[in-house]
Amino acid sequence: MEYIVLVISAVLIKNILLAEYLGNCPFLGTSKRMDTAVGMGLAVIFVMTIATAVTYVVQHMVLVPLNLGYLQTIAFILVIAALVQFVEMFLRKFAPPLYVALGIFLPLITTNCAVLGTAILCIRRDMNFPEAVVFAIASASGFTLALILLAGIRERLEISNVPRALRGTAIGLIMAGLMSLAFFGFVGVDGSLKEFIQN
Amino acid sequence: MKLLRTFTKGLWEELPPFRLVLGLCPVLAVTKSAETGLGMGLAVIFVLTCSNVLVSCLRNVIPRKVRIASYIVIIASFVVMVELASQAFFYKIYESLGIFIPLIVVNCIILGRAEAFASRNGIIPSALDGLGIGLGFTMSLTVLGAIREILGAGTLFGTQVMWSSFRPFTFMVEAPGAFISLGVLLALMNAFSKTQQS
Amino acid sequence: MLSAALFLLVLGLVASVALAIASRAFYVWEDPKVLAVTDALPGANCGGCGNPGCASAAEAIAAGLASANICVAGGFEVAQAVGEIMGQRVEEREPEFSWTSCSYGVGNAEPIFSYNGASDCHAAVMLYGGSKLCPVGCIGLGSCVKACQFGALAIGDDNLPVVDYSRCVGCGACVDACPKNIVALVSQTRRIISEYVTDECTAPCQRACPTGIHIPGYIREIRNGNYEEAVRIIKEKCPLPLVCGYICPAPCELSCRRNFVDEAVAIDPLKRFVADHEMTTGKHIDPYKCTDNEIKIALVGGGSEGLTAAYYLARLGYQPTILEAKPELGGILRYVIAEDRLPRNVLDHDIQGILEMGIEANTNVAMGRDFDVCSLLKDGYDAVVVTSGGFDSRKILKPEQERYDAAIPGLFIMLDLLTAFSQREEIHLGKHAVIANGGLKALELARKCRDMGAEIVTIVSDQPLSTLPVDFHDTKVLAEEGIEVRASATVAAMRGIGERMDRIALEDKDLTGDISKKRTIIDADTLIVPAGRLPEMAFVHAAGKPETEGERVRWQTIETFRTFPKGGGYGILSSPEPGRISDSSAVVKSILSGRRLARAIHQNFTDGTITPIPNLVWEAADILDVTEVNGVNPSERQCPTVSDVEGDSKTAWIFPEEYPGLDEPAARQEAERCLQCGLICYDKNT
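Residue numbers (our numbering), protein chains in the order written: chain A, 1 to 199; chain B, 1001 to 1198; chain C, 2001 to 2686.
Take these hints with a grain of salt, some might be off.
Claimed, not checked - Derived coverage of chain A by chain B (criterion: at least 3 residues anywhere in the stretch with Cβ under 8 Å from a Cβ of chain B; other residues may be distant):
#1 6 to 12
#2 20 to 26
#3 64 to 74
#4 135 to 147
#5 155 to 166
Simulated from the structure, these hints should not be mistaken for laboratory data.
Note that the structure is predicted; figures quoted are calculated from it, not measured.
Using N, Cα and C, we set each Cβ at its ideal position, and we do this for glycine too.
Bound-form chain A, shown alone:
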């Protein structure tokens, strides 16, 4: 049951984009059009889940036993970079349609701080393995949700009379701010939910 709380918390309350400030470059970069937003979102879900699982294993099976915790950053980024490339090749061989749909977004994800950030957050919060995986999926879904919402807004903005200075990224940021404000409304939901489940 606590997984439900974890998911709701990661998607709505502590949304990785709107509350945790992670993955903002692709958030603003790929939210101009709906179809790219959907592609990017799916690719992030895919990669983030695998990356979190693999880095979790690396942390607990290799770094901790060898007492090399301080190499976490460098080890994780290497693992993620290699993983993304591996996934790219794998998809190309075994799931060409998926590769065509997600292909161009995969390289972008290597330097997406949301992926590395989620992996590190799982470790820092002392989650166990299933929790880490669920958290990764939920965070990525939250990312996708925010990305698609913003893409919808920006498609509308495209045809609106936006003051010249605000056009482009500036209005995108302000819209993200308003969305973030709206997501603030979910604060506290997790606590009550926890109480509700316990009773």
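Put chains B and C on the given structure of chain A with help from the hints.
Frame of chain A, contents of chains B and C only:
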């Protein structure tokens, strides 16, 4: 003269994150106060300058195919240094920057400068470029942090600057404030350069 | 320290080994051609080729589903590079460019409301079709600009799109983005053969002009003192500017909007003014000409229609040859119209200008005597066009030893036949004769044909049986006589071999006048047409390429025009606008039919079939117009100063050589009177 320009362009013409809209996550996350902004900025200056120098040194050694991976390793090494150093000497800042210190690795500005500038230029220009861009970044972070701190908490670098009856806009130090104040600053920059041009 | 270094080494090693293995294990074979073609393509993913992007275009090219030159954005160089990879020879495609037709932006045009919504043309059009009164006007919110990936479009100061031709690659993204068809993709060829349609912006004078000269356009150039450009605009639609300047009845001036205020703009004198200017410079101003091809066309008849058809064919790149029976070119213009009205040096000047486009002309050669359709087709011409026009075409009969035969295989004119019958001359009719239209006279003629030896006579009428005279109704009795009636049908094509026609294609027409592509082919040896002159006809090789049986060539006719306004006609004999296509009542009308012939030939050799024009602008077409003109100050129409030597100015009106035309200040002043009309817009500050 040219070297000077390499340095100064980071302060206005290519001022990150306003002109190069890159590396937004730390900008949004760590500008809750001027102090954290400054701390983050200094960390970025260090990593950016060092990685630029090293990339520039190795630019003729690294094979093209694995260059991005190599840059990431170089950057990551310096980030680990910063991480350990801040943990040891500035624990308070280390605490407040939290996860964003390791995330300097994936800050697009650093990788972007390595790829776009350091891999094509000599050591001294690369160092100056790193310093300039880093300084610009620090400046932006500090300014943004100051604005958010003043409006959101009524303080600047921890000291009260607003009148005592001032009710802080708490949302300014939260995520929405970060997005909105960055958006407004960006718009002001745009408007300013427009008027300058005309 | 050591363990850290070792760990990183091992991690790097493991990662690289894993990736190396993966790159082998997951190797996907890719066609190197696809990669090479993708590299050669510009990578703009504009979609102008019809594929979703450059990569899929490359796949289509490599798979042989698309030709190497499909990339419109890359142009000839890219096509050549792709062709080299694919081992294909690439021919240059005619460049296309985007073209905008609206000339009064929001702000200058008549509004119905002021729009303040989303700044997107599609959004604006959803509200009553846009804020302008004009239904075809530009919204000016720049959807086309946003669609352009090459930065070739911008919205100018007057809220109209401006095309930067140096950047436009002709991908057509703007055309798809425009909700109003303001932006169109045109090539020079398509502009040359274009016809006006009701949903584009045309000025009333432009619509009234049978040739469709862009009158506001050339008057604007005169205003700017740019006389050469003015002549070029006129020559886009009219190869005889000076002749028209002298003798055109100027229907344009009747529909000039200035008539609502004072008096029409002196459109025709202005045309003469710039054409005179061209003549005094002594240099012919050449309009755009496409790259030459090797298709040879023979035109029988060197009057204004033949000259025009040859002019347009030459501009489209064909190799036209005019064959004229008289000693000199010009037809009615030279041999009928009084020299007083049309000085011959004027005519010579214009004809010379036409011939300079690359036209060969043979005079003193006559159809039926020196050559006929088959001999021309056999001599290497790819098409033979009969532009005998309105003048003395009736006696195109071939005198043979005992009887007359048709100079055009199997084709007779009703009046010829009746005359010949009354003089008891023998005429070769064959077994099966077809009479097209002809009213009540057709029945009489059919019986005469039976007397003259035809076994079956078919009367084809484009009218339904119920509206035909009662004599036609008793089909049973007529059938016993050997006369068949085909109502609601029209002759679509003639086919034959050598000097004989053997088949006729009939097309059924339903009562609404729409085309129902119902073709029947009947055996026929003779076709008798009702008019007093030959229709415009074009003959080509039947199989699309020369095909002979012994000495004889297989041939067929092609359609010369097709449109579908309600009740409009089609086929080779009927005119879509009664009294217009085959009308030689004014030189401008022959120019129109000449151009349409060239269009038919061009479409035959490019698309293989003639495309119908929906919503064609013609005299009876329903079109939006204004009924009053407001805010325009009256001003006096400029007349030429007449050198009145004997105090009798009338002489000046009769003898044009003494009639000097407008002088430059008068012409410039007159050009200022033009309201620069659009469909309903006009310049209110004139």
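Each hint, compared with the structure:
For the stretch 6 to 12 of chain A, the stated coverage by chain B is violated: 0 residues have a C-beta nearer than 8 Å to a C-beta of that chain, whereas at least 3 were required. Check on the stretch 20 to 26 of chain A: 6 of its residues sit with their Cβ under 8 Å from a Cβ of chain B, so the three-residue criterion for coverage holds. For the stretch 64 to 74 of chain A, the assignment as covered by chain B holds, since 5 residues bring a beta-carbon within under 8 Å of that chain's beta-carbons and 3 suffice. Look at the stretch 135 to 147 of chain A against chain B: 0 of its residues bring a Cβ nearer than 8 Å to a Cβ of that chain, fewer than three, so the hint is violated.
Only residues whose C-beta sits within less than 8 Å of a C-beta in chain B count toward coverage, and the stretch 155 to 166 of chain A has 4 of them, enough to reach three; the restraint holds.
In summary, the numbered hints that this structure violates are 1 and 4.
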